[in-house]
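Chain residues, written in single-letter form:
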Amino acid sequence: MDPVKYLKSADLMSWLEELARENKVFAPRYEGDAVIFAPFDPKQEISIKHAATMPPKKTVFPQSEKLVDFTYSKDPENLSRILIEAKEILPKGTTVVFGSRPCDVRGFTMFDRVYLAEKTTDVYYKARRENTSFITLACEKPETTCFCHWVDSSPSDASGSDVLATPIEDGYVLEPFSEKGQKLLTSSLLENGERWILEVKDVHENAAGFLANAPDLSQAPQKLLDVFDNMEFWENAAAKCLSCGACTYLCPSCYCFNITDETTGMKGTRFRSWDNCMSAQFTMEASGHNPRPTKAHRLKNRVGHKFSYYPAIHDGVISCCGCGRCIKSCPVGIDIREIVQEAINHEPAIGKE
Amino acid sequence: MGNPRSESNKGDQVKFQEELKDNIRKALPELDVVIGWCGSFDPLHATPHFMRREEDIDKLEISPLSVHNLATYLPGLRGKKVGIVVKGCDSRSVVELLQENLINREDITIFGFPCTGVVDQSKIKKALGGHTGNIEFCDMSESVIVIKSEDKAYTLPMAEMLADKCSSCRYPDAVISDYFAGEKIGNKGEEDADYAAVETFENLSVPERFGYWLKEFDRCIRCYACRNACPLCVCRDHCAAESRDPHWLSQENNVRDKLMFQVIHAYHLAGRCTECGECQRACPVDIPVLMFKQKMNKEIRDTFQYEAGVDPEATPPLLSFKMKEENITEKVW
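So the sequence lines, in the order shown, correspond to chains C and L.
Every position in the first sequence, counted from 1, becomes a number in the numbering used here once 1043 is added.
Every position in the second sequence, counted from 1, becomes a number in the numbering used here once 7 is added.
The following block holds chain C by itself, in its conformation from the complex (with noise of 0.2 Å):
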């Protein structure tokens, strides 16, 4: 069997067109002025020039999704006990992502650490997770926003991907990273690739070569703690925040949820729809407390909780995947790249604690 293969960019909608008689195949294009991965429809335009506006966490993270059917009934025998009926809805089916990109993907290995802890498994997530595949294109040349190589991770970085499709001319090189992947790689399309390895190579080394050195994070989950209490510092970061949800929603590696419970008469479903922390009503308190009453403490929990919080408890990886998109897409431009390294290079007042 060749591991290698080679994809002619004239047959990469047909291939795509046979990946989808067997699963639900996702790829990027536009819907107005925004690229945003859509179920593949083979009348339209795809568009994997570059990074999408929208990553595709829906895939697997739905914005939106069922959990649980119920119903209510009384009892016959005795009319003020209430009786409720209660049916799982897990995700069923294949998927297939086209066009992720590297920082896409390797966002959910920071969902698995969470979500597939074997204490507690998400099962809606596992079963998403598992029938999904993803098809991910190499970077051939990182955008002003894009930081990957920050976050011990670069422009053709296969971590979470089943296959890694590097352009060269005329095509695509595809290789596996996972049995998924594997099996993914088998139309009488696709020719063998090894003859393009070192073009390959060359690819990822030119993209990489792109990025300047990148800071020495290994202080930030330190230093984020140390400035934990300096709300003068955090007002200032925070000061032109507007507390929207657009850093989180459009974050790769950002993964809470709601839970709502939409009920009319007897019958609801529960639903879990994606939250975000710079809601005020993410640490709304049923008493009415808010321990995080202001954006300074909300975007301070974005930071930390992504630079210094989930890495002191997943072996020091960083829950940010460097995509850039928090950035590129904020409406007023926050940079969180400036705010981690303010907080490293922040020297404590003398005199003060």
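Please keep in mind that the hints were generated in silico from the structure rather than gathered at the bench.
Everything numeric in this text was worked out from a predicted model, so none of it was measured.
Nothing false has been slipped in among the hints.
Incomplete in silico selection of chain L near chain C, CB under 8 Å:
no. : residue
1   : 57
2   : 141
3   : 230
4   : 244
Every residue gets a Cβ at the ideal spot worked out from N, C-alpha and C, and that includes glycine.
Position chain L relative to chain C; hints supplied.
Positioned in the frame of chain C, the structure of chain L alone reads:
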């Protein structure tokens, strides 16, 4: 070599920018903060700039990239002495906030300048073939923007890159200010607002209009950037959209609920919105949400002959009560 952007700010622009900086230098000792703009992560973007110390003033940059309406920050800074740099349109938000007693006039110091328009980043992106991720250089004059991206140079006519609100702007000068740097361009408030785009849309059939919104809102991620960027969405942490009791909006991924939020937003802004367009600019997935508010304002204009955010002493029509309205006929039973 300095910032490529500021090098080209020749003539008048440099003159009023220096005058503006002098004004801020004079006022800053009495203020907690002055909000303006400075350069951002690439030469094509600016970002709100909070000036607290004198040296912060040096970074201030006014250009067609000064897109953000900084009035959004004012209600959150109540109780502080705040200076704010405003474009003509931004100043109308300040006026509306004053009209509604949401900020105190004596706490606010307003710095005006003659605004010749700001860019629409979406238009530039389109002109550059859909990609602005690798901008190397950006230089602007009144008539053109020169951009270098991925070793290619683009010379774009400024008039075509301006935000729609700027092409039909009637208030280029701040309508209220304590300091004004540069020569005023001249406001034209007596001219009628331009609602041609709304009228064209109104002429479509109901299924066409509803179909358009269903398609546009399919990609809404409910991040509420539209709401949070709005200078007049002052409920902030207590918005109907996220209230669980009463539960106005479902958490289903449902286009109708997303649309419902926009309707709530537009109704709450009827006769208050100054059409600064921040809702639309902030949207990370480019949904054209400004049109809802323009439609409401068009109705307000036709019914009450009123325009929001022009006169600090005026009472917005929906914040007042009249026994008999001139243009509303009571239902005959």
